[in-house]
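Student: Protein sequences, first through last, are from chains A and B.
Using our numbering, you'd call the opening residue of the first sequence number 170 and step up by one each time.
Using our numbering, you'd call the opening residue of the second sequence number 1175 and step up by one each time.
Keep in mind that the hints are not guaranteed to be accurate.
What the hints assert, rightly or not - Cross-link-like lysine-lysine pairs, in silico, DSBU-like; alpha carbons within 35 Å at most:
#1 A/222 with B/1392
#2 B/1294 with B/1641
#3 A/198 with B/1294
#4 B/1558 with B/1294
#5 B/1392 with A/198
#6 B/1641 with A/198
#7 B/1242 with A/228
Unchecked claim - Label-pair restraints from in silico Cβ distances:
#8 B/1250 with A/227: 52 to 58 Å
#9 A/225 with B/1512: 47 to 53 Å
#10 A/188 with B/1201: 45 to 51 Å
#11 B/1392 with A/261: 35 to 41 Å
Since the hints were made in silico from the structure, they are not lab data.
Each residue gets a CB set at the ideal place from its N, CA and C atoms; glycine is no exception.
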Amino acid sequence: MMANLPFVVVGLLFLMGLIAIIAENNLFKIAIGVGVMESAANMFLVVLGYRLKGDIPVKFLPGPVDVYVLPTPQALTLTAIVIALATSALMLSLIVMLYRHYGTLDVREIRRLRG
Amino acid sequence: MSWSVHLPALMLAVPLFGAFSTPIVALGGRRARMIWSVLISSVLLVLSFCLLQYVATEGTAVYVMGGKAWNLTLPSGMAYPVRIILEVDSFNSFIAVIGCFASLAGVLFGLRFLDRFSGKVWYSSLYFLLTAGMLGLILTGDLFNFFVFLEIASVSSFGLIAYWRDRPESIEASFKYMLVSQVAAMMVLLAIGFLYGRYNLLNMAAVGKVIQFGLAEKVALVFMITALAMKCGAFPMHMWMPDAYAEAPASVTVLLVVVSQASLVGLCRIVFSVFGSAIVGDVVPWALITLGMISMFFGVSMAVVQHEVKRLMGYHSVSQVGYMLMAFGVGLLAMGDPRQMADFGMTSMKGGIFHMVNYVTYKGLLFLVAGALYYVTGTRDLDKMGGLAKRMPFTTFMFVIAAAAISGIPPFNGFVSKLLIYESSFAVHPALSVVALVTSILTLASFVKVFQTAFLGPEKKEFSKVKEVPASMVLGMAVLTVVILGLSLFPTWVVSHLVEPAATALVDKGAYIGAVLGGGI
């Protein structure tokens, strides 16, 4: 059970993010929801690469190591984090612009595009 | 070693170079920027033709990024590929050529269309970044690389949809698209995680070789299909599409159309080349067929009632994507049985691929025409337009061609691909082709409405002084018109020399895997 705990957390985080995107009305809370989803996906990748009692994948000091943690998922996560940074920045700037146009952060009032 | 082996990498390097060099070249003035943009996209078009030629003569092209040699897919005797590998076969090279045509048309159209607005340097930069993202999605053979290009295409399109940032609607459309894209991208990332966790592999061919259909794979497949259906605008997840297509400048919308097709290419790759015969059971094919049918019907029925010309066309995109999903679903349904495959499966795949190509050409042209109407009248509301046919003869001519093609009127290219889809879906169930036919008729009805209200009828007083759009915009539309006419006039040649090899490459999982791993399945 303990070994599966991280995956349960990932699933919960992903669902929480999705629910925030669907159910929240405040634009910033929606943006946070997207961020939570991104964290869940990244955590999933990192957890996948973990090996029980594994050492860090890139080691500068010599020493006896039996098991290494997989490096590829960590590299993937780094890339995904950088991309998520770009999209979050863009998302926040769009929110600021929406606020300027509409004077509110409530999605129920930001609805000029219909049908 | 000939330079042509580097073509797959050049297809990504040229637009990326264009994206980052444009701001520097633009220091030389407006003219320099314009010439540079046209030059980059023309070079890209020539390269895509060379790649198509190379693949047709030499077989599947493989390019190992950052390897010691361009074709060393398994370095130092490793059992599986470790680097990012581009895999180009008859299917994706064909789609890439059409994507490059659309990109060139958009660049030419955008030169004068955006002349009265500011921020054109960054527009050009993002435009080429979007082109690079689109081509990357089409050409890559690596799952994580696919995700990265998906995000490159998404980020640049967020910026481009919000180009008119003083319009609240543009920002709203961009935000809506961003939410859908981000959810889709995270689902793709999770799906990649599931496959990686199971096989320790990221290369599509390598995963395809060892894949077994267990629980993790099922979850990955559901995530992938949902996410990519969101990105290509299938029905329940389509709400971003009319908004984003309507609010983006017309020259960008052309490229967005290709990006939605690039997501569909990714969907086909996952379904046919990675999973392939593992999922020929009824559930996945019928899911695709149902998704396609609903998209087709609801898309077009919402389009008929629209009053804004670009929104109307945006809803048509939903219905056109439905045709392709249905065709690929029928192809997948027949895949398990060689006799069914010969009977109607192959026809359906050909219809689906040909429809993808046709859709990019005529839908791109229709959006450019809508842009031209906006350019001269300053409005997108159909009720305010009228009698423009006399004032804009070239635009009218090209609109009629595109409208006839999308409605499936013979002898245009839309007719050929739709006929293939009707024929093959009839073999599965007559109801499928009935829905497709009704959709086609409603499409015709809505474009007759556009033609009647915007181009015919009495001339409106306020438009008595309008003139045809500038030459470069006409040229941009003409590029796509020529492609439509070419595909329409020589359908037999196109189907047998371009579409059929593409369909064969897509369903032949063994050849795709063999290109990277050598031995096939």
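Student: Checked against the structure, which of the hints given earlier come out wrong?
Tutor: 6 and 8
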